[in-house]
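Participant: First to last, the sequence lines map onto chains Z and U. Residue 304, in the numbering used here, is where the first sequence stops; the numbers in between run on with no holes. Residue 228, in the numbering used here, is where the second sequence stops; the numbers in between run on with no holes.
To be clear, the hints were calculated from the coordinates, so they are not data collected in a lab. Any given hint could turn out to be false.
[Said to hold, decoys possible] The calculated lysine-lysine pairs, modelled on DSS-like cross-linking and capped at a C-alpha distance of 25 Å, are: (1) Z:Lys-243 / U:Lys-117; (2) Z:Lys-284 / U:Lys-21; (3) U:Lys-21 / Z:Lys-177; (4) Z:Lys-243 / U:Lys-21; (5) Z:Lys-284 / U:Lys-117; (6) Z:Lys-233 / Z:Lys-193.
[Stated by the list, open to error] Covered, in the sense of this in silico footprint (three residues per stretch, anywhere, with C-beta under 8 Å from a C-beta of chain U), are these stretches of chain Z: (7) 142-155; (8) 266-274.
In this text, all values refer to a predicted model and were calculated from it rather than measured experimentally. Don't be surprised by glycine CBs; every beta carbon is placed ideally from N, CA and C.
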Amino acid sequence: MSQASTEIVRISGHAGSVAGVGLNREFAVCKLVDTTTCIGCKACEVACLEWNGYTFTQTSFDNSYQTMPETAWNYWNLIKFNEHERADGSTMLLMRKDQCMHCADPGCLAACPADGAIVQYANGIIDFQEANCIGCGYCMTGCPFNIPKFSPTARKVFKCTLCNDRVSQGLEPACIKACPTGCLHFGTKSEMKELAETRATQLREVSGFADAGVYDPEGVGGTHVIYVLHDAKNPELYGGLPKDPHVPWSVRLWKGPLKWLGNVAMVGGVVGMALHYMRFGPKKEEPIPPAELAGEVPKNETRV
Amino acid sequence: MTTDAISRNVADRNSDHNEDKIVRYTFVERVNHWIGAFSYIYLLITGLAFWSPYLYWLAAIVGGGPIARSWHPWVGLLFTASLFYTFTEWRGDMAITDADRAWGKAIPDYIQNEDDKLPPVGRFNFGQKLFFWGIFYGVILLLLSGGVLWYTETLPWSLRFVRYAAILIHSSVALATIGLFLIHVYMSVVLEEGSFASMITGYVTRAWAWTFHRTWYYDVIGRSKPKQ
Chain Z
1 MSQASTEIVR
11 ISGHAGSVAG
21 VGLNREFAVC
31 KLVDTTTCIG
41 CKACEVACLE
51 WNGYTFTQTS
61 FDNSYQTMPE
71 TAWNYWNLIK
81 FNEHERADGS
91 TMLLMRKDQC
101 MHCADPGCLA
111 ACPADGAIVQ
121 YANGIIDFQE
131 ANCIGCGYCM
141 TGCPFNIPKF
151 SPTARKVFKC
161 TLCNDRVSQG
171 LEPACIKACP
181 TGCLHFGTKS
191 EMKELAETRA
201 TQLREVSGFA
211 DAGVYDPEGV
221 GGTHVIYVLH
231 DAKNPELYGG
241 LPKDPHVPWS
251 VRLWKGPLKW
261 LGNVAMVGGV
271 VGMALHYMRF
281 GPKKEEPIPP
291 AELAGEVPKN
301 ETRV
Chain U
1 MTTDAISRNV
11 ADRNSDHNED
21 KIVRYTFVER
31 VNHWIGAFSY
41 IYLLITGLAF
51 WSPYLYWLAA
61 IVGGGPIARS
71 WHPWVGLLFT
81 ASLFYTFTEW
91 RGDMAITDAD
101 RAWGKAIPDY
111 IQNEDDKLPP
121 VGRFNFGQKL
131 FFWGIFYGVI
141 LLLLSGGVLW
151 YTETLPWSLR
161 FVRYAAILIH
171 SSVALATIGL
181 FLIHVYMSVV
191 LEEGSFASMI
201 TGYVTRAWAW
211 TFHRTWYYDV
221 IGRSKPKQ
């Protein structure tokens, strides 16, 4: 938004047209990950850790390049290595940089109960404000991409910020800065979309990947991280990238109709009870008929 | 508690006044009730804070969001323990009988405070029994779904549907228990005079027992009578 203060709307005592009026500056940022030119060097992982001040954690070895199984609360950026056998029997290594997708319609934000713990900026960045996070983990339920991760020590949830601290200062995210092949790009959403489509067309028409395409899923309103895939028809091949991601319907139901139903029922119940009391009044004990009390308590035979 | 225990506590058993006291709840039953009540109120305050942004301020009055998040599950366990103790004590008294079903058919009379038209009932009426079993089975569901929400991060991604189910079950069952809770508080604190005091002092008057729980009243009084 800092650009807005350089954008002139009116100038006093100025004859003629005003420079820049009518210019449409796009705020929406986007990271483009071209999986077809990624070499799996993990430079983006290192840059992410360095910039965000995290140290390397224990790795694992399971006879693949995958030395971390998935992103963690202190490991926000991870290349997913997938060995894919093609129809002709040859093997292809599909590498996808996994991180927060920065959805336009974020499920984490929809599910979060804590005031100000998740913020969506006008440029599309979704950022967690850990000071406001209560550690309930609802964001983990709302996210269709398995991104927010809980830190048992901090008891708060963390994820990729799209380097909001860098972007707000006019810098590109750390992962972009570190990428040696140029498979990572950063710019406005429309620029990146155009570049991605150009590359996908090239892949289809020149490189023989007939199903190449851009991953910018509509189900979450589009994302501010988009992919170029060799096979856009099967995004699941790229380490579980969902084909049609959307905020879980149970989260929608819970935060929508159920909330209104519940609120109306609770308020209605209290009002109903007040009306009941005003209409029928209290239940009072009644004196026991003297005949029953006279002399002695009732005999066992009088029990009902 | 057993009926014999109640009858041992019948105060001033030779008097025939309406205001004679009968023990309705033992000391242990009352303490357990208030452990359950206060833990439920805490769960209600913190739960409503998580439920709606317009009620998030409720978390502030019990120490803030992160503390509410940390304590809510533990207090939930305390409430469960209190309820399960109640279950072991009152299971028999809460069994639903044919008399209850007859009483249930006359529930419009009960709602309109025409209690003299109702069939006599034992220690607890059908409404109280439905309340008890509603809370009992509700808490089992809340416990299971709450466990999932407590340790959401330990659930593998492939089992995420369990999270989706838990979040719906926990909120909708909690709403159902809130409905039961509101009715319970209204009836015992506001509507039925003498009920609230009985859960503090343990006593009801003989006339109260005769009016609202006649079968139980005869049970207590009849047995307290020296054998002839």
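Participant: State for each hint whether it applies.
Facilitator: How the hints compare with the structure:
With a C-alpha separation of about 64 Å, the suggested pair Lys-243 of chain Z and Lys-117 of chain U falls outside the 25 Å cut-off, and the hint is violated. Distance hint between Lys-284 of chain Z and Lys-21 of chain U is fulfilled; the C-alpha atoms sit about 16 Å from each other, no more than 25 Å. Our distance criterion of 25 Å between C-alpha atoms is broken by Lys-21 of chain U and Lys-177 of chain Z, whose separation comes to about 82 Å. About 71 Å separates the Cα atoms of Lys-243 of chain Z and Lys-21 of chain U, which puts this hinted pair outside 25 Å; it is violated.
For a cut-off of 25 Å, the pair hint linking Lys-284 of chain Z to Lys-117 of chain U stands: about 15 Å separates their Cα positions. Taking the CA atoms of Lys-233 of chain Z and Lys-193 of chain Z, the gap is near 18 Å; set against the 25 Å cutoff, the hint holds. Counting residues of the region 142-155 of chain Z whose beta carbon lies closer than 8 Å to any beta carbon of chain U gives 5, which reaches the threshold of three, so the coverage claim holds. With 4 residues bearing a CB less than 8 Å from a CB of chain U, the region 266-274 of chain Z meets the requirement of three and the coverage assertion stands.
Of the numbered hints listed earlier, those contradicted by the structure are 1, 3 and 4.
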